[in-house]
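Taking UniProt numbering, the leading residue of the sequence shown gets 1, the next gets one more, and so forth.
There could be a bad hint or two in this list.
[As the list claims (entries may be wrong)] If you anchor each label on the Cβ, the simulated ranges turn out as follows:
id: 1; residue 1: 27; residue 2: 184; range: 27 to 37 Å
id: 2; residue 1: 127; residue 2: 55; range: 33 to 43 Å
id: 3; residue 1: 96; residue 2: 185; range: 41 to 51 Å
id: 4; residue 1: 55; residue 2: 95; range: 27 to 37 Å
id: 5; residue 1: 138; residue 2: 78; range: 16 to 26 Å
id: 6; residue 1: 74; residue 2: 96; range: 33 to 43 Å
id: 7; residue 1: 150; residue 2: 11; range: 14 to 24 Å
id: 8; residue 1: 36; residue 2: 184; range: 37 to 47 Å
id: 9; residue 1: 111; residue 2: 159; range: 34 to 44 Å
id: 10; residue 1: 58; residue 2: 158; range: 18 to 28 Å
id: 11; residue 1: 184; residue 2: 54; range: 36 to 46 Å
id: 12; residue 1: 157; residue 2: 177; range: 12 to 22 Å
id: 13; residue 1: 123; residue 2: 181; range: 22 to 32 Å
id: 14; residue 1: 95; residue 2: 36; range: 19 to 29 Å
No wet-lab data here; the hints were simulated from the structure.
For clarity, every value in this text was computed on a predicted model and none was experimentally measured.
No residue lacks a Cβ here, since even glycine has one placed at the ideal position from N, Cα and C.
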Amino acid sequence: MKIVVGVSGGSGSIYAISLLKALKELNIETHLVVSTMGEYVTEHECGVSLEELKSLATYYHDNKNFAAPIASGSFKVDKMIVLPCSMKTLSSVAYGFSDSLIARACDVTIKEGRKLILVPRETPLSSIHLENMLKLSKMNVTIFPLSPGFYNHPETIEDIVFNMTGRILDALEIDNDLVNRWTGQ
Numbered sequence: 001m002k003i004v005v006g007v008s009g010g011s012g013s014i015y016a017i018s019l020l021k022a023l024k025e026l027n028i029e030t031h032l033v034v035s036t037m038g039e040y041v042t043e044h045e046c047g048v049s050l051e052e053l054k055s056l057a058t059y060y061h062d063n064k065n066f067a068a069p070i071a072s073g074s075f076k077v078d079k080m081i082v083l084p085c086s087m088k089t090l091s092s093v094a095y096g097f098s099d100s101l102i103a104r105a106c107d108v109t110i111k112e113g114r115k116l117i118l119v120p121r122e123t124p125l126s127s128i129h130l131e132n133m134l135k136l137s138k139m140n141v142t143i144f145p146l147s148p149g150f151y152n153h154p155e156t157i158e159d160i161v162f163n164m165t166g167r168i169l170d171a172l173e174i175d176n177d178l179v180n181r182w183t184g185q
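Given only the sequences and the hints, what does the whole structure look like? Please build it.
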């Protein structure tokens, strides 16, 4: 399996780090691309440098490199996720404005009929955000807001992150045991 992982400038880089670690542990090939603000936010929120982030991926592609393999539909990947997905990136994808490799790879993923998951981290949502998400949802893009549940009584931030990482892996159709699953009462 090959998965493209985009990291854009929304808050929540801790989830991207957790996902990359999980995918690495599962021996899944990853193609990482990080926006300028994605790099900044990851360093600011998590103290993780771009070099450290790159070490979690199988391959790294510069966000300005439109000659990267992930910019072409002829390069076979299975799925793509943008985590976190800024509203700028989401808007670019919704309107086919491929001004970055992340947006171009999303465009390619949509046009090739492959699974695309966008993980926005924004609140509150404006009508513009909601309209863009609806537009993408109608194109079979999965919109996966970072909305952790608390029915499993998490005790640490790590508990919340692992559970959400497991739910993201579920959305990517990857079996995992990170989710504390609801079993009823």
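To see whether the hints hold, each was checked on the structure:
1. Under the hint 27 to 37 Å, the C-beta atoms of residue 27 and residue 184, about 33 Å apart, fit the expected range.
2. Checked against the hint of 33 to 43 Å, the C-beta distance between residue 127 and residue 55 comes to roughly 40 Å, which is consistent with it.
3. Here the CB-CB span from residue 96 to residue 185 is close to 47 Å, well matched to the stated 41 to 51 Å.
4. Distance hint check: the CB atoms of residue 55 and residue 95 are about 34 Å apart, consistent with the given range 27 to 37 Å.
5. Residue 138 and residue 78 have their C-beta atoms about 22 Å apart, which keeps the hinted 16 to 26 Å range intact.
6. Between residue 74 and residue 96 the CB atoms are about 19 Å apart, so this pair departs from the stated range of 33 to 43 Å.
7. With their beta carbons about 19 Å apart, residue 150 and residue 11 fall inside the hinted range of 14 to 24 Å.
8. Taking the beta carbon of each, residue 36 and residue 184 are about 46 Å apart, inside 37 to 47 Å as hinted.
9. Under the hint 34 to 44 Å, the C-beta atoms of residue 111 and residue 159, about 38 Å apart, fit the expected range.
10. Here the CB-CB span from residue 58 to residue 158 is close to 24 Å, well matched to the stated 18 to 28 Å.
11. A hinted range of 36 to 46 Å for the beta carbons of residue 184 and residue 54 is consistent with their spacing of about 42 Å.
12. For the pair residue 157 and residue 177, the beta carbons lie near 19 Å from each other, so the given range of 12 to 22 Å is met.
13. In this structure the supplied range 22 to 32 Å holds for residue 123 paired with residue 181, their Cβ-Cβ distance being about 26 Å.
14. For residue 95 and residue 36, the hinted distance range of 19 to 29 Å is satisfied, since their beta carbons lie about 20 Å from each other.
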